[in-house]
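Each chain, letter by letter, is given below.
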Amino acid sequence: MINIPSTIRISLRALRVNKMRSALTMLGIIIGVGAVIAMLAVGTGAQQRIGDQLASIGSNLIMIVPGATTAGGVRMGAGTQPTLSMGDAEAIQRECPAVLYVAPILSGVAQVVYGNQNWSTGVTGTTINMLFVRDWSLTGGRPFTEEEIRSAAKVCLLGQSVVDNLFGGIDPVGQVIRIKNVPFTVIGVLDVKGQDPRGQDQDDIIYVPVTTAQKRLFGTTFPGMVRLIMVKAKGPDDLPAAERQITELLRQRHRIGQKQDDDFTVRNLTSMMQAAEQSTKVMTLLLGAIASVSLLVGGIGIMNIMLVSVTERTREIGIRMAIGAKTWDIRLQFIIEALILSLIGGVVGLIAGVTASKIVTMLAGWSTVVSPFSILLAFGFSGFVGIFFGFYPAYKASLLDPIEALRYE
Amino acid sequence: MAIIETQDITKVYQLGEIALNALNHVSLTIEKGEFISIMGPSGSGKSTFMNILGCLDRPTGGRYLLEGVDVAHMSRDELAAIRNKKIGFVFQGFNLLPRTSALENVELPLLYDGLNAKERAERAAAALATVGLAGRENHHPNQLSGGQQQRVAIARALVNDAPLILADEPTGNLDTKTSSEIMELFARLNREADITIIIVTHEKEISEFSRRRICFRDGVVVSDESVVRA
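Going down the list, the sequences are from chains A and B.
Heads up: the first sequence begins at 1 in my numbering, then just goes up one per residue.
Heads up: the second sequence begins at 1001 in my numbering, then just goes up one per residue.
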């Protein structure tokens, strides 16, 4: 019968006797576990940030861009051909069952003036639905009304960055700003969204009614045309259906024949973002895998020390065998020694890893997240390393011949 | 029933091409409560014989009955259990665990017998008291004299109430005075606790403490006689 508590006590005593050596062996595991935890924390932090950004651009988004024009054999790139119209947007809203909201966009860059301040920013002409498509709420004021859209009213909603740059401390709602010299009344302020996944400031924007944009700001030679149409599908599962329905509808509306190419492109924004999220996940795994190598090296350190320890304590093993230690008594003693080394190393490494990720957050400003999973992983792995690398030395010890071992000097 | 009975024990070491007969058909009977000294020059086979008696080694041939049980062909772990319960070892070099207190050294056999901490400490303290080391429980081997260390080793051999103590040159590292003290202790344990004691020694004077002297030479018993005290 093997007495586990006593074996643990025997092992602890052996480790205490060689304090310096035990500490150095543990250091390998501490660094390994610490690295795994810190790396996973950095990776998970990045992943979470991308997830947040993904949520900030809105969920279940589809973007429809006009096709490319060709001017004398020179193809001008996507969005240059004015093929999308307000009518298309309305038709999509009306006829595609998988679509929840549709927002047409007619945008451009314009100089904006308030008092003695001026600022260049993106001005987007759109409808009320834009706020629903982007899951965007207001911090002050009110959204457009149907009437304002119909009548091409000179009203606007400001993003927070525009407010900061033009108004300083003043409440902008009710003030009049000039966009391309046209006076607009500020009726509302958009909530802060921060950067989008490409690092662009989403708050540096002004929304005006799409009709106003057409008439006053970015009027083109093609009245009723829009730059792009943003669509929110009913749910993540409805995205493919929505894409299909939109494509069919637009081909029909644009009278595109069976063999002709589309004169527009339907892009699924969410899936693009999910790809970005996927790649961060891969990066996290990669970082974790690299850090695990150091944990492995720590494990080899444990094995090395345990082998030295077995040789050095051959006589002790002989004595223990002579007075009745069985094969597994000896094995367990050394395995438990290795396990204690690796587990204590694991706990200290955990603390080190969490501290390191806090420092990274503080110094580099990266968000880091220590997930319970990474703690469990690092801990489980260090325990496994202890048993795995402790076993061979323990096995070697248990095979010693007691007579030889007793004679060992 | 004899505590030890060996029947035609042989031990052959195969050294390459040459077979070395360390023990050549040794048959001996030792009764419970005997005090025996084993003598012989080096290479005579006495150490091999002791290792077999101590269940540290297995004979090549023959039968070894310990308290009537044939242990010659038991497994490693079975032999370990026998050593733990039936045999106490005392070595020339004491063989105590360094940096470990006297009490913990004595507790060791009980640890492998699965006793709880309280019982271990009580029995170890009692064994230390028996060998005259009460009060030294927390001393480490390097804080004790050679004689005291050997007493700790004897206490360790006693602690599991083993009926047999095997001592391999227990006085080899001790001066004459301490040697006789240790031998007196063995004699007292033999007399009072009825423990069977077998010691290996080079010295005639040491063997005088025993009551039966067995001499080995070239793997065979050459003499087996009662000790007549001078």
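Treat the hints with caution; some may be incorrect.
Taking lysine to aspartate or glutamate pairs in the EDC-like style, the calculated list, with each CA pair at most 20 Å apart, reads [stated by the list, open to error]:
#1 K396(A) x D1077(B)
#2 K234(A) x E248(A)
#3 K1204(B) x E1181(B)
#4 K1118(B) x E1067(B)
#5 K396(A) x D1057(B)
#6 K1032(B) x D1070(B)
No lab work stands behind these hints, which were simulated from the structure alone.
Verification of the supplied hints:
1. K396(A) x D1077(B): Within the cut-off at roughly 16 Å; holds.
2. K234(A) x E248(A): holds (18 Å)
3. K1204(B) x E1181(B): The given pair, whose Cα atoms are some 16 Å apart, holds under the 20 Å limit.
4. K1118(B) x E1067(B): violated (30 Å)
5. K396(A) x D1057(B): holds (19 Å)
6. K1032(B) x D1070(B): holds (17 Å)
When each numbered hint is compared with the structure, a violation occurs for hint 4 only.
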